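Chemist: Sequence:
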Amino acid sequence: MNEKHPGGRPPKYKTKEEIQEKIDKYFMDCDRNSEPYTVTGLGLALDMSRQDLINYSNKEEFFDTIKKAKLRVENYLEKRLINDNSATGIIFNLKNNYGWKDKQENLNVGVSYEDYIKKVEDEDEY
Numbered sequence: 734m735n736e737k738h739p740g741g742r743p744p745k746y747k748t749k750e751e752i753q754e755k756i757d758k759y760f761m762d763c764d765r766n767s768e769p770y771t772v773t774g775l776g777l778a779l780d781m782s783r784q785d786l787i788n789y790s791n792k793e794e795f796f797d798t799i800k801k802a803k804l805r806v807e808n809y810l811e812k813r814l815i816n817d818n819s820a821t822g823i824i825f826n827l828k829n830n831y832g833w834k835d836k837q838e839n840l841n842v843g844v845s846y847e848d849y850i851k852k853v854e855d856e857d858e859y
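The opening position of the sequence shown corresponds to residue 734 in this note's numbering, with each subsequent residue numbered one higher.
The set of hints was computed from the structure by calculation and includes no laboratory data. Be aware that a few hints might be false.
What the hints assert, rightly or not - Cβ pair distances, simulated, as ranges: (1) E750 <-> N816: 50 to 58 angstroms; (2) N808 <-> R783: 15 to 23 angstroms; (3) K852 <-> K800: 39 to 47 angstroms.
To be verified - Each computed EDC-like pair below joins lysine to aspartate or glutamate, with the alpha-carbon atoms no more than 20 angstroms apart: (4) K801 <-> D780; (5) K834 <-> E847; (6) K755 <-> E807; (7) K747 <-> E793; (8) K803 <-> E751; (9) K745 <-> D780; (10) K755 <-> D780; (11) K834 <-> E811; (12) K852 <-> E811.
From a predicted model like this one, the values you see are computed outputs, not experimental measurements. Just so you know, even glycine gets a beta-carbon here, dropped at the ideal spot from N, CA and C.
Could you put the whole structure together from the sequences, leaning on the hints where they help?
Modeler: Below, the structure written as structure tokens:
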């Protein structure tokens, strides 16, 4: 009697050790070839799409392994933003990761300081 996999194709990786071995090889290859770490590169090394990576990270047994690999990619890219002395990259990082925002204030002459503060406080409630 043939047993079918219940719903969909069978998983590409059965253990976290199996996937960790491929992840380690990806990072070693990048280091050896002076190539940047990327999520798409990680996906290619694991022979899976970005969505597959997300799906695997939703499985309890693979969660920490995938999360750590993606965090390593993110750390690499964040360091590059800072080390390249790019104000644009640093600003992007602060906005994207730390919630910084550009805020312009238009002060109208003739508006009292108290009215201005009340207006700002009212805007912050929304």
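Chemist: Does each hint fit the structure? Answer for all of them.
Modeler: Hints and how they fare:
no., hint, result
1, E750 <-> N816: 50 to 58 angstroms, "violated (33 angstroms)"
2, N808 <-> R783: 15 to 23 angstroms, "holds (18 angstroms)"
3, K852 <-> K800: 39 to 47 angstroms, "holds (43 angstroms)"
4, K801 <-> D780, "holds (18 angstroms)"
5, K834 <-> E847, "violated (24 angstroms)"
6, K755 <-> E807, "holds (18 angstroms)"
7, K747 <-> E793, "holds (12 angstroms)"
8, K803 <-> E751, "holds (17 angstroms)"
9, K745 <-> D780, "holds (9 angstroms)"
10, K755 <-> D780, "holds (10 angstroms)"
11, K834 <-> E811, "holds (18 angstroms)"
12, K852 <-> E811, "violated (37 angstroms)"
The structure fails to meet hints 1, 5, 12 from the earlier list, while all remaining hints are met.
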